[in-house]
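Enquirer: I would like the entire structure built from these sequences, with the hints used as guidance.
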Amino acid sequence: MVMANTVVVLDFETTGLSPDEGDRAIEIGAVKLARGVVVDRFQALMNPGQRVSSFIEDYTGISNAMLEDAAPCAEVMHRFGDFIEGENLVAHNASFDKRFLDAELTRISRSYSGSFSCSLLAARRIFQQAPNHQLGTLVKYTRIPSTGDYHRALYDSEMTVKLWLVMLSKLRDQYGLSAIPFTFIQKLNKTPKKSVFQWLARQAKTS
DNA sequence: TGCCAGGCCCTCTTTAGGGCCTT
Numbered sequence: 001m002v003m004a005n006t007v008v009v010l011d012f013e014t015t016g017l018s019p020d021e022g023d024r025a026i027e028i029g030a031v032k033l034a035r036g037v038v039v040d041r042f043q044a045l046m047n048p049g050q051r052v053s054s055f056i057e058d059y060t061g062i063s064n065a066m067l068e069d070a071a072p073c074a075e076v077m078h079r080f081g082d083f084i085e086g087e088n089l090v091a092h093n094a095s096f097d098k099r100f101l102d103a104e105l106t107r108i109s110r111s112y113s114g115s116f117s118c119s120l121l122a123a124r125r126i127f128q129q130a131p132n133h134q135l136g137t138l139v140k141y142t143r144i145p146s147t148g149d150y151h152r153a154l155y156d157s158e159m160t161v162k163l164w165l166v167m168l169s170k171l172r173d174q175y176g177l178s179a180i181p182f183t184f185i186q187k188l189n190k191t192p193k194k195s196v197f198q199w200l201a202r203q204a205k206t207s
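Read in the working numbering, the first sequence has 207 at position 207, and its numbers run on one by one without any break.
These aren't lab readings, by the way, just hints derived from the structure by calculation. We put the beta carbon where it would ideally sit given N, CA and C, even for glycine. Check the hints yourself; a few may be wrong.
Distance condition first, Cα-Cα at most 20 Å in a straight line; then the derived SDA-like pairs of lysine to any residue [unchecked claim]: (1) 162 / 137; (2) 205 / 169; (3) 170 / 141; (4) 140 / 168; (5) 170 / 207; (6) 170 / 120; (7) 98 / 186; (8) 187 / 205.
Derived DEER-like restraints, expressed as beta-carbon distance ranges [what the hints assert, rightly or not]: (9) 18 / 179: 35 to 41 Å; (10) 143 / 78: 35 to 41 Å; (11) 61 / 21: 22 to 28 Å; (12) 197 / 21: 34 to 40 Å; (13) 21 / 81: 20 to 26 Å; (14) 115 / 199: 16 to 22 Å; (15) 128 / 68: 41 to 47 Å; (16) 170 / 59: 29 to 35 Å.
Expert: So this is what it looks like as C-alpha cells:
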C-alpha cells in the first residue's frame, strides 16, 4: 500500500544519460516528506564497477577514488529499496531518475509500489515566466536560499524539496486549494500548459 | 563544455523537427 501523506524526493548522479547504453548510478540522495515536513534523509555513493569519465568527475565532484571506496550499487540499492517502500516519488525531470531507479532495481530483482510525479513538469506549468526550468534557475527564480552546491544527489534533492513546497504553497495561496494530494500534481502535469490556469481555476471552484 | 537517450512541448505540426531537461 502506498502512503497518502508522505512523499520521497530523490535524485541520482550517474555515469551518463542512459541506462540502456550501459550507464549506471553512482550516488543516490533522497528526502522523505510527511505533510510538508522533512522526516528522513538518504544519501549514499555507490560503486558502479566501471570508471566514470572526467566529465562526470568534474560535473559532480565525485571522483573515481571516492567510488572505489563506496559500497556496490546492489548493496546501496537494496537499502534504498527499503527506504522508498510504499512511498510516492518526486524528482526534477522524473523520467530521467525513473529510468535509473527502474534499471538499478531490476538488476537486483526488486520493484517498488509508488508512482512518480515530476517537479520539472509542474514548474513548467506553474512558473511559465521563469527564464528556464533547470533546478538551479528555479531555485533562484523563487528566491529559495541556496549555497549553489548543485550536482550532488542529496543537495539537489533538498533543493527539489524546497521548490516542491514553494509550488504547493503557491497553488494553495493563489487558487485557494486547501488540500493538494499527490494525484493532483500528477493531473496538473498532464494538463496542457496552455490551458493549465483555466484548469486550476476550475479546480479551485470545485474544491 | 559538449555528445550519447527519452519524454515533453512548441510550431512555419500531426506523413516532422528541434529545443529543453536530466548525468
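Enquirer: Work down the list of hints and note, for each, if the structure agrees.
Expert: Evaluation of the provided hints:
With a CA separation close to 13 Å, the supplied pair residue 162 and residue 137 stays within the 20 Å bound. For a cut-off of 20 Å, the pair hint linking residue 205 to residue 169 stands: about 18 Å separates their Cα positions. This hinted pair checks out: residue 170 and residue 141 have alpha carbons roughly 14 Å apart, not beyond 20 Å. For the hint linking residue 140 to residue 168, the alpha-carbon distance of about 17 Å falls within 20 Å, and the restraint holds.
Taking the CA atoms of residue 170 and residue 207, the gap is near 16 Å; set against the 20 Å cutoff, the hint holds. Taking the CA atoms of residue 170 and residue 120, the gap is about 15 Å. The hint holds against a cut of 20 Å. Distance restraint check for residue 98 and residue 186: the Cα-Cα separation of roughly 15 Å lies within the 20 Å cut-off, and the hinted pair is therefore satisfied. Restraint check for residue 187 and residue 205: the C-alpha separation of about 16 Å stays at or below 20 Å, so the hint holds.
Distance hint for residue 18 and residue 179: a CB-CB separation of about 38 Å, consistent with the stated range 35 to 41 Å. With their beta carbons about 39 Å apart, residue 143 and residue 78 fall inside the hinted range of 35 to 41 Å. For residue 61 paired with residue 21, a C-beta distance near 23 Å keeps the hint of 22 to 28 Å intact. Restraint check, residue 197 to residue 21: a C-beta distance of roughly 39 Å satisfies the suggested window 34 to 40 Å.
Separated by about 24 Å at the C-beta atoms, residue 21 and residue 81 satisfy the suggested range of 20 to 26 Å. Between residue 115 and residue 199 the beta carbon distance is about 20 Å. The supplied range of 16 to 22 Å therefore holds. For residue 128 and residue 68, the hinted distance range of 41 to 47 Å is satisfied, since their beta carbons lie about 45 Å from each other. For residue 170 paired with residue 59, a C-beta distance near 31 Å keeps the hint of 29 to 35 Å intact.
When held up to the earlier numbered hints, the structure conflicts with none and fits them all.
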